[in-house]
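Chain residues, written in single-letter form:
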Amino acid sequence: GEDVEQSLFLSVREGDSSVINCTYTDSSSTYLYWYKQEPGAGLQLLTYIFSNMDMKQDQRLTVLLNKKDKHLSLRIADTQTGDSAIYFCAEIHTGGFKTIFGAGTRLFVKA
Amino acid sequence: GAVVSQHPSWVICKSGTSVKIECRSLDFQATTMFWYRQFPKKSLMLMATSNEGSKATYEQGVEKDKFLINHASLTLSTLTVTSAHPEDSSFYICSAETPGANSPLHFGNGTRLTVT
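If you're matching them up, the sequences are chains A and B in order. Each number in this note's numbering comes from the position in the first sequence (counting from 1) with 1 added on. Each number in this note's numbering comes from the position in the second sequence (counting from 1) with 76 added on.
Accuracy of the hints is not assured; some may be wrong.
With a straight-line Cα cutoff of 20 Å, these simulated EDC-like cross-link-like pairs (lysine to aspartate or glutamate) come out [as the list claims (entries may be wrong)]: (1) B:117 x A:59; (2) A:99 x B:164; (3) B:117 x A:17; (4) A:99 x B:173; (5) A:37 x B:128; (6) B:117 x A:27; (7) B:118 x A:15.
Simulated coverage check for chain A against chain B, where a stretch passes if three residues somewhere in it have a Cβ under 8 Å from a Cβ of chain B [to be verified]: (8) 36-50; (9) 101-108.
Just so you know, these hints were derived from the structure itself, not from any lab. Every residue gets a Cβ at the ideal spot worked out from N, C-alpha and C, and that includes glycine.
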């Protein structure tokens with residue numbers, strides 16, 4: 002069935018790199034997304050990757066996609082306290098054209 | 077571009093009253109909008125898909141008579157929580173689909189509803 006899984010919690014020190022991992026089940030997904038949610042706010046689209054790519058870099062963000070293993074990761078370089086938030090990965094399920102979200106990874110950045 | 081505005085950002089109401097939440101796409105037309113509910117420290121729960129000019133599609137377990145959705149124009153969808161009870165207190169978020177296949181969803185900033 003449709004499923005997107007993420008680890009629930011990650012803690013890093015300020016200045017270190019953060020890597021948030023995600024696995025998904027729909028091998029026909031064409032786009033995979035990363036969203037950021039700060040406390041009390043909606044979701045902000047951070048970046049996305051097309052399924053025929055295996056890497057995308059956008060400033061401090063690097064997305065890696067392993068389509069064979071259905072594994073997606075988001076790397077945040079030089080993590081700052083302002084990066085503390087919940088990060089959701091999502092795929093568009095081509096069967097029903099719904100966006101399926103993972104449970105979210107809560108990132109804590111220690112100063 | 078692709079800004080979604082949600083209003084109000086927070087509301088407190090008494091049990092038994094109804095509350096309307098608005099979701100607007102400011103710079104694009106959205107034939108489809110989505111309504112989610114989020115419990116503390118939990119992921120998003122899709123409540124319903126709002127389609128312009130037609131009835132909303134509700135997810136299993138969501139009471140359509142309690143959560144009324146209206147999508148009367150290409151830029152506005154509303155969610156009305158009728159006869160609210162304290163257990164309806166939650167964070168409600170809308171999103172809108174931008175035009176184009178496989179386009180990402182863009183989210184409003186959410187509405188925190190507290191029912192006393």
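Verification of the hints:
no. : hint         : result
1   : B:117 x A:59 : violated, 28 Å
2   : A:99 x B:164 : violated, 25 Å
3   : B:117 x A:17 : violated, 25 Å
4   : A:99 x B:173 : holds, 10 Å
5   : A:37 x B:128 : violated, 27 Å
6   : B:117 x A:27 : violated, 26 Å
7   : B:118 x A:15 : violated, 25 Å
8   : 36-50        : holds (count 8)
9   : 101-108      : holds (count 5)
Of the numbered hints stated above, those contradicted by the structure are hints 1, 2, 3, 5, 6, 7, listed in ascending order.
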